[in-house]
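So the protein sequences, as listed, match chains A and B.
Residue 347 in our numbering sits at position 343 of the first sequence; the count goes up by one each step and never skips.
Residue 294 in our numbering sits at position 282 of the second sequence; the count goes up by one each step and never skips.
Derived from the structure by calculation, the hints contain no laboratory data.
All values reported here derive from a predicted model rather than from experimental measurement.
The calculated label-pair distances, taken between Cβ atoms and stated as ranges, are: (1) A:Glu247 x B:Glu32: 57 to 65 Å; (2) A:Arg1075 x B:Ala370: 47 to 55 Å; (3) A:Lys759 x B:Glu32: 22 to 30 Å.
Where is the CB? At the ideal position from N, CA and C, for every residue including glycine.
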Amino acid sequence: MRRILLFASFVLIAATATAQGVTTASMTGVVKNSKGEIVPGANVIATHVASGTTYGAASRSDGYYNLQGMRVGGPYTVKTTFIGFKEQIVENLYLQLGQSFVLSFTLIDDATELQEVVVSGTKDPTLNSDKIGASTNFNVNQIQSLPSIGRDFRDISRLTPQAGGASFSFGGRAAIYNNLSIDGATANNVFGLSPLPAGQSNATPFSMDAIQEITVSLSPYDVRQGNFTGAGISAITRSGNNELSGSAYYFFRNESLAGKKVDGVELPVPSFKFQNYGVRLGGPIINNKLFYFVNIEFEKRTDPFYTNPVRTDKTQPITGATQGTDDFDPETGLAGLRDFLINTVGYDPGVYKNVDRETNSIRYVARLDYNINQNHKLTIRGNVTNAFQDQAPSTSAGFGPALPGGRGNTNNVLSFSSSYYRINNNNYSVTAELNSTLGNGKFTNQLVGGYTAFRDIRENAGGLAIPNFPLVDIIGPNGQNMTSFGPDPFTPNNQLNQDVIQLNDNFSIYLKNHTVTVGTNNEYYKFNNVFTQLYNGMYRYNSLADFYADAQGSPTIGPSSYTIQYVASKGGPAGTAANWSALQMGFYAQDEYTGIKNLKLTGGIRVDVPIYLTDLYTNNYINQIDFNGEQLRVGGWPDVKPLFSPRVGFNWDVTGDRSTQLRGGTGVLTGRVPFVWLSNTVNANGLYFGEFNSTAVPLDNTGDGFPYNFSTTPYRPNESTLTDPSTGNPTFITDPTSVNFGRPANVTTTNTLAKDFKFPQVWRTNLAVDKQLPYGVVGTLELIYTKDINAVYIRNANLGDPVGILAGDGRPLYGANGTTRQIYGNDRRVNGDVGQALVLDNTSKGYQWSITAQLQKSFSRNFNVSAAYTYTDAKEINPAFGTTAGSIFNSQVNVGGANNPGLSYANTLTPHRIIAYGTYRIEYKEHFATTIGLTYEGRSGSPFSYTYNGDVNSDGVNGDLMYIPGNQDEIVLTTSSATDTRTVDEIWNQLDTYIAQDEYLSEHRGEYASRFGAYNPWVNRLNVSLLQDFYTTIKGKKHTFQFSVNVENALNMLNSGWGLTKFTSRSNLVRFVGYEQPHTAGSATAPLGSLTTGKPVYAFDTNADGTPLSESFIPDQTVNGRWQLQLGFRYIF
Amino acid sequence: MKNIIKIFTISTLVGLLSCEDVETLTPVPATGASSYSAKFLFMNASPDAPSLDVYVNNIKTGASVATGVGHTSYNTVAISSNAIITAAANTTASVLSGLGSNTNIRTKATTGTIGGTLGTSDLIYRAGNNNSNNFLAVNGASYTVFVVDTVSRPKPYRTLRTDATTGLKFGDATYYSTKNSFTALKKVGVGDTTIYLNVENFGIDNNSTGAFASNNSIDAFNLVKKYNGNVNPSFMITLGTVPLGSSDPGGLRYLVVTDEWPLPSTLRLPVPTTNRFAARFINLSPDAGTATAAINGTNLPGGLFSYPLTQGNFNPTVGSRNTTGSGSSATPVIAAFTNNFGGLAPGNYAISTNAAAASLPYDFADGGIYTVVLTGSSLKGTLILSVIKHN
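Could you build the full structure based on these sequences and the hints that come with them?
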């Protein structure tokens, strides 16, 4: 038998491919003889050269063969043999993640003299029959060569044309709706406190050195892909080969390697230090049989928390006063306070400045690849990420009275280090994948199992134990918080454990013109979420003197407020943890049909069934309340209903020579919600917790003084002291069957799920044309349209209907504030026993569409470029930027009321985006190589909303969209404070001038501003990486020393006025001061009181220095807004 | 295939056409500014302030108002909100406003300095400790704003003392002497280590001998006795409670007297009967002590002569105060006008006082409404009577 050796010239560098497989690639083709007749029974064997892994199948009766479950990458050698024909060998093939590489053979009989051998292969990853939906692939060379100063896979993934701007969103849908999988197993943080694992610690879940390829898929019509309505990001880890190889690396940057100026103004960069270092190693355990790969990476960053030096020479300023004219020096005061706490109270609050934020992560990846035999390949991968980041204390006061000024360091605030906390994100994951070829290539099976554990634990900053001490806030002379000590309000009693088990199986049958796949995708989730805000109690004092006095037992001076959340159910569900579990099962079947010349059709259907496995406590008291005709189901899960996702797709080779192809598809994608939204319903049921929030003076309900005075063991309500004033019943409930069970000890917020609540579903359609253009350029024009079927919508069932129209504005007006249980009054609530009754529900409103024009060219495997422009439009009801239903609801700015937010622009929308990138590598003089990587992103700035600072429609949600006045008569203005020296006319002139210079406002005078209708200025970002290799060969082994320079925001390096990211100076432009006439509370004789008939009155505040606010945008002055340079060293063998 | 393309093209177009617009409402904006207003009359009643320019909502309503006797007439000024009176008549506590406050009251020295948080020549009415509040004017009301006190009144301090028995305690009174140009006391007596005043480290008081009426206040009388060998007790003036961090900058401050109240009608400028006039008396001298005034020998009624600053309720935390015609022991008492005063017919009468001020002949007109004011300093011998005519 003679052998025919072909060197494939197929270059597969360009960054597009389908995402049909999840963790592997495949190969298919037809075997014919020189007469064009099909050749059944020909053996096709592909060998992954580096590992000796072989994949084999015989051509079927229709001449086609299929090789499945193949390692991504290469090079591959493919050999075809059949008795009586010359053996054919094709070498140097590389496969991409998810690619189905088409390689067909024309065999020549032995008797024929060799004249021509025909081997047809798909040369271009875009112009091929598998490309149906929108997806982008990045191979290992690109991952290593393209600039990423954070060594973060998101920097690479965001090169996808349809990616959003600042956030990790795609196609105008929020990052929380993406799905990340590693080696085919879900790696999402499904609970969703951050979209990605270790996100709260600002760590990446895996090392870039452990990744072989990444695929971002937006519109897969392969029904195997599910659990997202945004994008599916699939990464696979590296594998070991027969040859021992590895790398050790170190990357570094600090403040001296960053820009010193912002737009020409010299501004010091706070000192910081970033280090990333690690090692990877891969090799054989048994040649051709068993391989290993390991990677360990460390990342450390230190930043100062103390970035706003409070005046050391002067004092805390009083609004409008000249600094230094008053009598309080915060540093002196805090030093004295620290001494007092240590010596008198016996509590060490830590230090109040020179506190550093430590960010640390360690990532381990270990992988085994076992070629059991030619038909069965087993992969086992384990990875561990231990990450933490210190955080400044929350600015929030929870359900307590809002804290002016917050707790993080500002020019006014110096909190003690005992209030800073640390978030630990520890993730452990193991997956196993078995790829099998059965029936001599007629069947394949992919079995994936995985277990992932997330352990999120809080500590005090520095890894210290959380003190058993209350939180104390002390207000300074200017009315802003001056200092805080004691643990962060949300840190004690806060822990999250997640366990995710998954089992997937795909079975494919290869028939004539059909590839049929059936499979299942199942995920089991178990959550243990401990969260109690303000568990240690929160004291607030109006002055340092008040605290001193109270701490020493003053009978007349106490805190201005005292707030605590406590376990409220005696004998009931005393545990404060939300323990629950759920299951999401998916089943699917699809067919790929190739029976029509030049046309490939796919069709399939997937059904997902979310099942809730834990029975929850209900709350009979709340359940029996009539919320305007609606009765809630506290503790009730939605009905279990299957969610169907039919999908069809096509790829048409229009010209028959793959120079032009038309492709597209349409179908339904089913995702999940962050499970934290569901978890809210587990413990926000009015049963577990009572909320005590006293701002009354005197703070005493027992008549014996001030029981809420400062104590290191704060007051907690108990059964003997709290009774329902209307019934006299104890508010600690002992009988769960009683109607009164769950009557809140105080006004409380409940979270429930609508009975027919469904996981998010979208209908997505794409249509694209790919065309071979002159000079080897491939052009693509791609349209994607997505319509929400079940979008998540959060409403407050306890928000009553509007009671009127706001005078001088026209928007609906709601009843008066109701923060405590009221017997009388124009309470905006339907029921005064309940605060917010939030219901997770669905709406079909919302859509996204984008159109992309892209040009790509691969000059060689070492030189490729891509450039794309994408226009995107997206609208939604609820922006998904909260981690709880409450945070989402309370931040949805609106005109018509919080329950009627209306359709508006998505907060992740980036209307215009240009993305270009390329890599070029040149080797020279036998020992040198230089690699240059460039990425450029030009995009619309992030969207924002022009709102009022305040709740003008009285619906209980701050930040209502503002009416943009056309003239002075349309807005009632007043001064900002007693020190404001402007007349009303002067204030209007300043506001009018501001509106006139603002593009959005000036174009929308006389209208309500739209939610996320305004945009920050255009952003230009050019990032550059330069890798300089020095290599030599010792004993047949190549050794490379590599120096790297990574420049983030290179334009800014050239000119400090370039590459700036600008943000709105003030989105809540004018401050709602009040109505011309107030709401009035009711009384026994006039229970309804009266509602305002007055117009709203606003203040247009000046800048802090008293100058008028005159410019819409200010540049990002942090280090992230400037150029940064990162140096690296790497040894590769 | 063509059919497939058609289907996708049509479905895509349908999809795009179905892109909905932003859901919003039709605004019904205001068509004019607030129609609410109040009237303000200013008097420069300080014993030593320079001439003053006065502003309401930053609109100049008086220029170069001279010290002691100068005053403006009522000026109507737009305010941003109406206020709702919900309870007993004439009490500020029962007024609800849609705004926390709606009126800025501000005074600038025409020349020279007067202290103040906005600068050395710019003083604001301060209803709160952090400048976030100002004056709440009621729609339709009339006010007389007196600029009172001395430009050299010290900034009040809250002081700390150490009590050997009970440990740290907080005194919360600040005193100052009116002797020798109203300077703050720094230390009481040479060699006397007993009491320190108006210093941040209040010092040690081991032998107060009952000087402390409570843990939180210092009895003025005992302090007076200790001062200067009990020689000049009347020179001690308490400023009331002073929390630490008080933003009162010292110097001038305001006393706002409500003259007219929209509802109910119990507080109105009087309407004297024919051939009569109405009058009242306010003692605004910081050191004249108890004083009376008489017109043609007939005393203006009692309750009118107590300078509010001498009552600890004029809280230096705030620095300014407003009051109404009816009051209680908890609020400074400024009586309303006495209608048809003394049964006197209009004419020229001598206004006299028991304080060391010259009597003042004055023409009282038929139907006139007058406030007789005692200003100036007894210590400095600058006491003077003056008259404000309200109509």
